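S.K.: Fit chain B to the given chain A structure using the hints.
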Amino acid sequence: DARVTQTPRDKVTEMGQEVTMRCQPILGHNTVFWYRQTMMQGLELLAYFRNRAPLDDSGMPKDRFSAEMPDATLATLKIQPSEPRDSAVYFCASGLSGQTWPPQTGELFFGEGSRLTVL
Amino acid sequence: KQEVTQIPAALSVPEGENLVLNCSFTDSAIYNLQWFRQDPGKGLTSLLLIQSSQREQTSGRLNASLDKSSGRSTLYIAASQPGDSATYLCAGNSNSGYALNFGKGTSLLVTP
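Here the protein sequences come in this chain order: A and B. Residue 2 is where the first sequence starts when you use the working numbering, and the numbers rise one by one after that. Residue 4 is where the second sequence starts when you use the working numbering, and the numbers rise one by one after that.
These are calculated hints, taken from the structure and not from any lab test. Treat the hints with care, as some may be off.
[As the list claims (entries may be wrong)] As a list, the in silico DSBU-like pairs of lysine-lysine whose alpha-carbon atoms are at most 30 Å apart:
no. : chain 1 : residue 1 : chain 2 : residue 2
1   : A       : K63       : B       : K71
2   : B       : K4        : B       : K45
3   : B       : K4        : A       : K79
4   : B       : K71       : B       : K4
5   : B       : K4        : B       : K107
6   : B       : K45       : A       : K12
7   : A       : K12       : B       : K107
8   : A       : K79       : B       : K107
9   : B       : K4        : A       : K63
10  : A       : K63       : A       : K12
11  : A       : K79       : A       : K12
12  : A       : K79       : B       : K45
13  : A       : K63       : A       : K79
14  : A       : K63       : B       : K107
15  : B       : K71       : B       : K107
16  : B       : K45       : B       : K107
Quick caveat: nothing in here was measured; it's all calculated off a predicted structure.
So that you can see chain A by itself, here it is in the shape it has in the complex (with noise of 0.2 Å):
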């Protein structure tokens, strides 16, 4: 059964601590997304790749976060230093996109998310 596979599922820390997130995406899928869930903000895109190639990372705050894909199977989120308002679900999801114009990923699927908690 195909899913999308994260780590941690569950995080605390504390503030000024260093924070790697895992995702390991749908096999043949070429296209993985990081969003961030909170209440109030709902889903907001970080980042995605695409090839693994950085295509958008205008999502996420560039002084702590970094997000890297070293390779088609493995991809990261990094918060260097955590901040309390980094506390929120953190979901990867991955799809398949074609080389057409207009961009279409497909079906996306996400995983159960990394729930961050900085105190």
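M.R.: Relative to chain A, chain B alone:
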């Protein structure tokens, strides 16, 4: 940036009722539209995908339609059941990129 509005924000109905959830986009040039379901503490589960060449999709008791001229989509749930209680989110992309922009969801409660 594509802005997505979902109405109503919350809905409570008795079991057996048919219901409609609404979604609207500021940019009517929508290429992919997807409806999701989210249970508390869980990830998003894909329900229906309407691709650029399509106007409607059906799965079981669910039917989603997209009117590109107005930038509006509806999700119709027939014969609602308590197990349908969840938050329903719609999302779409436009020519600005591959990412989906999400509404804030409709929280649905179906009472026995």
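S.K.: Going through the earlier hints one by one, which of them does the structure break, listed in rising order?
M.R.: Violated: hint 1 alone.
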